[in-house]
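Novice: Let the sequences and hints guide you as you build the complete structure.
If you want the building blocks of each chain, they are given just below.
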Amino acid sequence: MNNWQEISRNGLWRQNPGLVQLLGLCPVLAISNNVVNALALGLATTLVTALSGTAVASVRNLVPNEIRNPIFIMIIAGLVTCVDLAMNAWLHELYLVLGIFIPLITTNCIVMARAEAFASRNSVTEAALDGLMMGLGLTGVLIALGALRELAGKGTLLAGADKLFGEAGHAMVLHLAPANYQFLLALLPPGAFLGLGLLIAGKNLLDARQRRIAATAANPATHAVSQP
Amino acid sequence: MTLHATHIAKPATVSAVMLKVLAAMLPGIALSVHFNGIGVLVQLLLASVTALLAEAAMLRLRGVPVTPFLKDLSAIVTAWLLALAMPPLGAWWLIVVATLFAIVVAKQLYGGLGNNPFNPAMVGFAVAIISFPAQMAAWGSPLAPLDAAAQLQWIFSHTLPAGSALDAVSSATPLDLLKTGLLQGGRDVSQLLAGDRFGQLGNAGGEWIALGWLAGGLWLWQQKLIPWQTPLATLAGVVAMSGALWLAAPAHYASPLFHLFNGATLLAAMFIVTDPVSGSTTPRGRLIFGGLVGVLTVLIRVFGGFPDAVAFAVLIMNIAVPFIDQYTQPTVFGHKGGRRA
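Chains as they are written, first to last, in our numbering: chain B, 543 to 770; chain L, 148 to 488.
Keep in mind the hints are simulated off the structure, nothing from the lab. Because the structure is a prediction, the values reported are computed rather than measured. One should not assume that every hint holds.
To be verified - Derived, one-sided and incomplete: chain B residues facing chain L with beta-carbon distance under 8 Å:
1) Leu726
2) Leu727
3) Leu730
What the hints assert, rightly or not - Residues of chain L clear of chain B, computed beta-carbon distances all greater than 10 Å:
4) Lys167
5) Val336
6) Pro397
7) Val468
The C-beta atom is built at its ideal place from N, Cα and C for all residues, glycine as well.
Specialist: Below, the structure written as structure tokens:
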């Protein structure tokens, strides 16, 4: 059980793919210009990481070590094709918006990295959990970045939610600024880099505060001396 | 009375240097106010206040002493350069946003004065022109300037007194006029440049302001605060690139004189490329850096989509500075002139 907590914490926070490993940044930076796109791409990636973790871990003893990478990529590509076809069928409008970035999940470093670094060395259940948590960690970063950029860039949240949630989505859109408000920089690529930089800084700040609190709790005497 | 060793020069403090840079801008500012109106002063004031507040807040957040760093006046220099590059009738929030970006992101997040790889004023300008191209067109016409009250009203409330035409606040600059004129086709450069707006040297009013920057720059050079290489190389780059285009097809490209006296060419050559932090620091490097800024300015102006290109040219060359500096290090005296890795 402890191991499972460890895997979850790694995926969601400590080894977060978007904030710490900085893997698979191309779609993160390109698709995070609003919350709905970010959420959709995040969920699609999560589906692929979870399924590929499961699949790779279940065949890991049958795969010759020398050619494991091509085989993993074939498995991942097959799964991505399934996701691609499913989105094309059921979320067609969103599929048109996300375009090339759905097929590109195949080449997303985070999927390959988890297959190679974790799934090929661990049990099926652990690999499935790792894939799920890594995907959810990435989805969290995507949503935060998407919200930041959409809010700063257009003053809305969840614009275009109908593409993901159907007719009910129209009611979910929040307009938090006058209709003609626009800050183009946040929507353009520089906004993605600046936003991701701020999120990473924010995570480091939280971690540093956590460490300071832990240090004080562990040894209050030395702390009191060092800070007269 | 204390005796000083007269052979030892008093070390120049950062604030003394910055104060002289600010003083050197005064002739150009005076001329700009004369031709463009009180809007220029409002932009300078808004930028200065924003810069000081942002600088103080960031210094506090970073946990470094606030007062000594505020007194070095570098934030004011950034604010003034930015305000002078911005349109005089731009909305109040436009200059505030641009200054915030310049100080908070481009300067303080990189570690404050001396650590910024990019010229902060130019980052602020680039953010503004990319994000708000429509508002960045608020160059009043120097031929028929608005009165002071109307300028203030426009900057702060975006409304005009009855009877004023919108054309008075966003008249096209000579660079815009030439670009759109050429795109429409049918007329060549000499016909386009015949209008009143272009004056004697290609920019009515603006040419005098440009000469003001030149005077300030020459004084800074005489005071040994800026090297001769960067400004001269920048102007040479502009002249060489625009001259080559002009000689090849005078009907399609404006003369070097037009490019020298339009946009922010002279302001940049005297005050922006000479920034000791984000520019090159070796003698040969300064020639390369300045020359390429000049060439890129003309290329982006002529073939790019934005009205002026100085900011983009400077930022692109800022990226190349470490590379240029590494390959242009002068040999230390006494060493054999060997090849550097």
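Novice: Verify that the Cβ of valine 468 of chain L lies farther than 10 Å from every Cβ atom of chain B, and report whether the claim holds or is violated.
Specialist: holds (20 Å)
Novice: At 10 Å, judged by beta carbons, does proline 397 of chain L keep clear of chain B as stated?
Specialist: holds (37 Å)
Novice: If you take the shortest Cβ to Cβ gap from leucine 730 of chain B to chain L, is it below 8 Å?
Specialist: Where the cut-off is 8 Å and the nearest Cβ of chain L is about 7 Å from leucine 730 of chain B, the hint holds.
Novice: Taking the closest Cβ pair, is leucine 727 of chain B under 8 Å from chain L?
Specialist: Holds - the Cβ of leucine 727 of chain B comes within 8 Å of chain L, reaching about 4 Å at its closest.
Novice: Let's test the interface hint: is any C-beta of chain L closer than 8 Å to that of leucine 726 of chain B?
Specialist: holds (4 Å)
Novice: Since valine 336 of chain L was said not to touch the interface, does its Cβ keep a gap of more than 10 Å from each Cβ of chain B?
Specialist: holds (32 Å)
Novice: Quick one: work out the minimum CB distance from lysine 167 of chain L to chain B and report holds if it exceeds 10 Å, violated otherwise.
Specialist: holds (34 Å)
Checked against the numbered hints given earlier, the structure satisfies every one of them.
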